[in-house]
Amino acid sequence: MNWLFGSIAFWVAAWALNVWLANSPWRERRAVRIAIPVIFGISILVLWEGVVRGLQVSPVVLPPPSAIWARILQSFDILWRDFVQTAIKGAVSGYVIGCTAAFLTAILVDRKPFLRRGLLPIGNFVAALPIVGLAPIMVNWFGFGWESKAAVVVAMVFFPVLVNTVQGLSEASEMQRDLMRTYAAGYWQELVKLRLPAAMPFIFNGLKVGTTLALIGAIVAEYFGSPIYGMGFRISTEVGRLAIDMVWAEIAMAALAGSLFYGLVTLIEKWVTFWHPSQRG
Amino acid sequence: MTGDWMREKVLPVLTVVAAIFALWYGAAIWMNSSWTLAQAERAGKTLTFTEIVKDTMSQSRPKLPAPHQIAAEIWKSTVQKKITSKRSLIFHGWITLRATLAGFALGTAIGILMAIAIVYSRTMELSLMPWAVISQTIPIVALAPMIVVVLPKIGIEGRLIPKAIISAYLCYFPVLVGMVKGLRAPHREQLDLMKTYNASGLQSFLKLRLPSSVPYLFTSLKIGIAAALVGAIVGELPTGAVRGLGARILIGDQFGNPMQIWAALTCAAILAGLLIMIVGLLQRITLKRMGMAE
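Here the protein sequences come in this chain order: A and B.
Residue numbering for the first sequence follows the working numbering, starting at 1 and increasing by one per position.
Residue numbering for the second sequence follows the working numbering, starting at 282 and increasing by one per position.
No wet-lab data here; the hints were simulated from the structure.
Glycine residues also receive a C-beta, built at the ideal position from the N, C-alpha and C atoms.
Errors might be hidden in some of the hints.
[Unchecked claim] Each pair of labels, with its calculated beta carbon distance range:
| hint | chain 1 | residue 1 | chain 2 | residue 2 | range |
| --- | --- | --- | --- | --- | --- |
| 1 | A | R30 | B | W286 | 48 to 56 Å |
| 2 | B | A386 | A | A13 | 31 to 39 Å |
| 3 | A | V60 | B | W286 | 54 to 62 Å |
Hey, can you work out the whole structure from these sequences and the hints?
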């Protein structure tokens, strides 16, 4: 019981610290803004550990974070191999192919207003559909290797990126375009120097949505057939063996991969769209 | 007016749809022809082009079924089956819809409550908001098989609740973001006016902040309901479910029946379209009644 009450006390203390920090004069400082969510996260982990130990929850239902951490250290090579297979070969390669294809399509579509008006509503609709369901079909077409995972990812990221890019390309105002024309800028000059930069916030919106979709697609596709490694494969087999700590270790890796991927794209966005109001501030 | 609408909106969309169908048929011929040709070679026959095309349109297990084949399959498994039949897509659609709506309700409730907490408490905002963003970068599908296995162990039976949890996880975030924006939409002057009326905190919440958040809420709900459907289907895929559209996809895969997969996928797409349309309709009616329609 000590574990239980101790962890609850710790959580309350951490929350009180956060309340104090959030209302303190230093609340606008960068360090404080980072510290508060970190303290909150740690307090949740401690609470999790305490509740699991205090109430003696079976490890088959919910292992404590310490056990998951031990498992991560112990099986690091397996986790790393799964990570490379799913996140790098499946998700990232599919993401790059899908985003590039969507970007090029958007530029082609943008030249014809007729096509743009036709494709935008359809693209918006398709982007909302459960495209993950294509996973078994792609596995059937492209085999068990990473290619089928990349194919699912391509199908998933294509439409959000396409729609956002097409929308972004019409962002530059009529005045700005007129100005480019008075400079005697050609189509490509106008595109590269005015319309693409203006479209970047939208494009990155699509790219960021795509990062999460990419990992989801790569993992789900592995449930339908994969070599004997990969995150999705590991999760579905270890759940079957009730090795829940391994599942959590894999989830932790997936969460880390997802956050890193998203963080990387956000970082590039900051660097590319430094001029946008949402990035200054 | 109507002429413009036709030319500006309907015609381009129809053209693109027609182009997609044309591409689809072309791909179906191309992808299914290898099987046709292999069969013909084994029988020692040579086929003319029309014969090849005809065969690629009517295989029972094609690599890529043609749209009319999918339509026929859907017709067969909706209109020609009793709704209670295990082979009826309406029955399976209903199972998925139930999980979707349960998850949507749960996710919307969580999203709105978290938004209120975040708007009213700085501590909540600083502690929770970064984690809410991170929660969306975690591929929820990784959790899905475990949720399904673990929940029965703590006494929660049935497939509905695990699916609804996954749905709610995907759908709460857009609602949260939209509501935070919406609840903060009132201007400084409007909030000040409420103060000069001596309105209590609750009154200014109910009479100012909540009404001004409604347009934002509906925009988020449209994204949320689509996300909830994706969640319900994802919840069925890796978990050995036997009922629901996701389960149809799974079973179609296990028995090598692509037609069944495509029919279930198409139904899921139709369902998504209907749900978004219904929310859009509610949005229009509500905003009109509130005098906020554009």
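Cross-check of the supplied hints:
1. Under the hint 48 to 56 Å, the C-beta atoms of R30/A and W286/B, about 51 Å apart, fit the expected range.
2. Our hint of 31 to 39 Å for A386/B and A13/A holds, since their Cβ atoms are close to 35 Å apart.
3. Separated by about 60 Å at the C-beta atoms, V60/A and W286/B satisfy the suggested range of 54 to 62 Å.
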